Every structure is written in structure tokens, then in C-alpha cells.
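Let's have the full structure, built from the sequences with the hints guiding it.
There are 2 protein chains.
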Amino acid sequence: MPKISDSTIRRLSMYYRSLSEFETKGYKTISSEHLAKTEKLTPAQVRKDLSFFGSFGTRGLGYKTRELKERIGKILGLDHIWNVALIGLGNVGSALVSYKEFQKQGFLIKLLFDNDQRKINKKHKGILVSDVKDLVEKLKNNKIEIVIIAVPTQAAQEVADLVVSAGVKTILNFAPTRIKVPQDVVVRFVNMAMELEHLSFCLSNQDFSVAT
Amino acid sequence: MPKISDSTIRRLSMYYRSLSEFETKGYKTISSEHLAKTEKLTPAQVRKDLSFFGSFGTRGLGYKTRELKERIGKILGLDHIWNVALIGLGNVGSALVSYKEFQKQGFLIKLLFDNDQRKINKKHKGILVSDVKDLVEKLKNNKIEIVIIAVPTQAAQEVADLVVSAGVKTILNFAPTRIKVPQDVVVRFVNMAMELEHLSFCLSNQDFSVAT
DNA sequence: AATTGTGAAATTGTTCACAGCA
DNA sequence: TGCTGTGAACAATTTCACAATT
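Listed in order, the protein sequences are those of chains D and Z. In this text, residue positions in the first sequence follow our numbering: the first is 4, and each later residue adds one. In this text, residue positions in the second sequence follow our numbering: the first is 4, and each later residue adds one.
Just so you know, these hints were derived from the structure itself, not from any lab. Predicted, not measured: the structure shown is a model, and the values here were computed from it. Careful, some of the hints might be misleading.
Same chains, same label: a pair holds when it works inside one copy or across any pair of copies.
[Claimed, not checked] Here are the simulated DMTMM-like cross-link-like pairs (lysine to aspartate or glutamate), alpha carbons at most 25 Å apart as the crow flies: (1) 43 - 161; (2) 141 - 198; (3) 122 - 42; (4) 6 - 42; (5) 43 - 198; (6) 40 - 164; (7) 122 - 137; (8) 43 - 9; (9) 103 - 198.
Right under this line is the structure:
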């Protein structure tokens, strides 16, 4: 039972995307070298990442594109539908509801929540918006497995506490603040400003060489 | 001239945000231990990160909150305004235009581009939308330093090539595909689906312990 | 002949532990 | 005394290099 690093998981996502593209382009097989080149990695890195989960290729021949894609898909849990709820229908939240990639990968946004009476009980992109008051109950009843938090900073911790109390173990947090959760809950944090800051760092410190 | 790692830059952003909060809360000074605790890091990590750029604290006392915030802000290039252009006014693009954190940190979205005639020459959140046809010319004329690409996958590379040809050196890419650019151009890649995949990995592989 | 899978080596990143200073 | 700054120790990650396999 090895410990899988964040970076390996991230790269698996990248491989999955590349392999999907190669599949549509009609490539039947693919080598670690080819896969590595498209993602700017080394072939050894690709093989090492895969080796944590088994051996999926054939020596001398490479990997079957379709098979490897499916194996990685299974590792990433993309072989079935996940029930997702999204909290907060501001700018970011609204954009996420229509974000095509989510549906494509099997992330089904089943519930929407907001605390604005003007939005509650109306449909948003075909999904009824519920009151945050009913959050815990509805998360439980609908067997929600992943929650996306897209509320303002000040509300983030409060909402997170409710989500945790509903038994949800995985949270994607778009609020630009760290939220505190118990050990067994996984939070991924997306902060767009942080990425811009990275770029402005690069512009401001061209004397430092920066890893890419 | 040390080589600064991605993770150090990322943490500097986190310190900056924490320090801003501590400043508003009225903390005059702060120790590496306190700062570390709020970000779930070790005090040594905080001090090491800072040590790459100089020595900002006082032995026995800690750091002056305001001063450290400003020093880190300067390192991250947040001490002045950056001219930003955003290409693609779909769901993600529109959300980003209204994203408050950007303005707050000095990222000024000066230009918007789209290729949809219904959007061109109209105002979007107070900013006139230009035709992508005029991209190169306008990027140059307006001294744009950072470009945010929020166009569909198929258009991403084409747009990126134009951006590069206009001399822009830093790109934030929201299109769910890797774009190829010359060595001297820095691209940061934000893929929301990837973060959800990380969560679904965690749900699917609870036997693997995952780093947080 | 080509390419995987994988221990071992090299590199990078993190933490320790303590000297140095207010 | 308390806390920073940092070289040395340690841990994690990546790359190398080669045996194994088709």
C-alpha cells in the first residue's frame, strides 16, 4: 500500500486527458515516451507513476491507448457517476454549473444551494436552487459525495462545517480562504488569484529561474 | 541566485493572504510558528521560504505583520498594477471578469476579447469587448503583461500563438488542454476538472494515504 | 529491436537543531 | 529568554540505467 503523492495524482489526470485525445486521433498504442513528450515529462516519470498501480503495458510495444485510458480512469474513479452539490451561485458558482468538463468526467451536479431568496426555489440551468438552510438534510438524502464551495470568504467556514456534519468527505473549495475540517475530510483548494500571483512573481523576478 | 520552487511561490501567496488577515485583526507582530499554524506548515518551512529572499524578522521577536506583508507583496509583484487581457467570454471568462480577488491584488483587466459578433463592441461589466482579430495589435498598444485564456479547447493553441506573437510572456490558461509556447513564456494551467478528479481519486482509493 | 518495469542514484524539498541576536 | 536564520540531516521525488519481455 504505497503512499501516492499529489503530483502523481495530478499527472494521472494529465495522462487521462492526453490518452483521450490520442484515442480520438486513432492511435491504437502509445509509448511512455510519446505520452511524456505531450506533457513535457520524462518517459521514466510516466512509467514510474503507472508502476504504483500495476503494470499496464507490454515490453517492446508500449501501451494500448484505450486500455490504459480506461485503467487510469478507473484509478481516478471516473468509471462511475459522482453526486455533487454546489453551494453559492455567485460568479464562480454559476460558471461552474455550466462547466462542460464536469459532466463529461461523470461529476453530476445534483443540488444547488444559495442563501439569496431571489435565487431560491427557482431553476438555474435546469436545476432547482435550494435554501442553504436545508443543506445538511438534502446532502444526506441525495447521497452527495462531493461538495463544491463557491461562497464568499466570510461564509466559507460556516458552510464547510455544515457540509462536514452531513458526512461529506470531499470538498472542492473556491473561497479564497483555508477552511478547517477534520482529518478524514479531504479539501482541494482552487484560488485563481494565486495563479496570477505566480505569474506576477515570474515577471518580477526574472533573475530567479523558476520551475515549470 | 537560488532557484525558487513552485511550492515556495505558492506558499508565499498563502503567507501574503494570512498576513493581510492578521493585519486587519490588529496583530502588530507575528512569529513563524503562528504563521505556520494557520497554514498547516512547520515554522521552519516558513523561515526557509523567506530566507531565499532575505531576512525580514527580528530574532527573539518575530516579524512585523505589516512589514512582512509588504515585503512578500513586493516579492510577488503585488506592489504595482499589472495590465491583464482576458480572451473568451464564455462561462469561465465571464466569471473571471467579476472575480473580486483579481482587482484587489492589482490585476487590472483592461481588455476583453471574444469572436462572437453578438458580444463584440458591446460592454461587459463596463469593459468594451474587442474582436479577437485585433488581438495582437491591441495587446501591444495597451502594454498587456498577462493574458488569461478562457476559450474552448480547440481554439486555445491558436489564441496562445497570437498572444505569444504579441510579445506577452505570461499566460494563465483555463482551457483544459496544454498549450505549447516558447521557453521564455510562462504558462500557468488551471483545470477545475483535475481538482475534482483528485477528490474522486481520494474517494476511490481510501486505502492509499494521500498527502495534503 | 523496442519498450516496459523497477531498484539504485541523483536531485529536490522539508525538517532539525542550534548558533546568533534582540 | 525567545525567536530568527541557516547549514546539515533527512525525506520525498525524479531520473537513470538496465534486466525482462514481446
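Quick rundown of the hints versus the structure:
1. Taking the shortest alpha-carbon separations for residue 43 and residue 161, only the inter-copy value of 19 Å comes in at or below 25 Å, while the best intra-copy value is 41 Å.
2. Taking identical chains as interchangeable, the C-alpha atoms of residue 141 and residue 198 lie at most 25 Å apart only when they sit on different chains, with a minimum of 24 Å there against 34 Å within one chain.
3. Within a single copy, residue 122 and residue 42 get their C-alpha atoms no closer than 42 Å, and across copies no closer than 34 Å, so neither meets the 25 Å cut-off.
4. In the homo-oligomer, the alpha carbons of residue 6 and residue 42 lie at most 25 Å apart both inside one protomer (23 Å) and across protomers (22 Å), since each shortest distance falls under that limit.
5. Proximity of residue 43 and residue 198 under a CA criterion of 25 Å is satisfied in both settings, with 20 Å inside one chain copy and 20 Å between copies.
6. Proximity of residue 40 and residue 164 under a CA criterion of 25 Å is satisfied inter-copy only: 19 Å between copies versus 43 Å inside one chain copy.
7. For a Cα distance limit of 25 Å, the shortest separation of residue 122 from residue 137 inside one copy, 14 Å, qualifies, whereas the shortest one across copies, 38 Å, does not.
8. In this homomeric assembly, residue 43 and residue 9 come within 25 Å of each other (Cα to Cα) both inside a single copy, at 18 Å, and across copies, at 16 Å.
9. When the C-alpha separation of residue 103 and residue 198 is checked against a cutoff of 25 Å, the pair qualifies both within a copy, at 22 Å, and between copies, at 14 Å.
The structure is inconsistent with hint 3 alone, although it conforms to all the rest.
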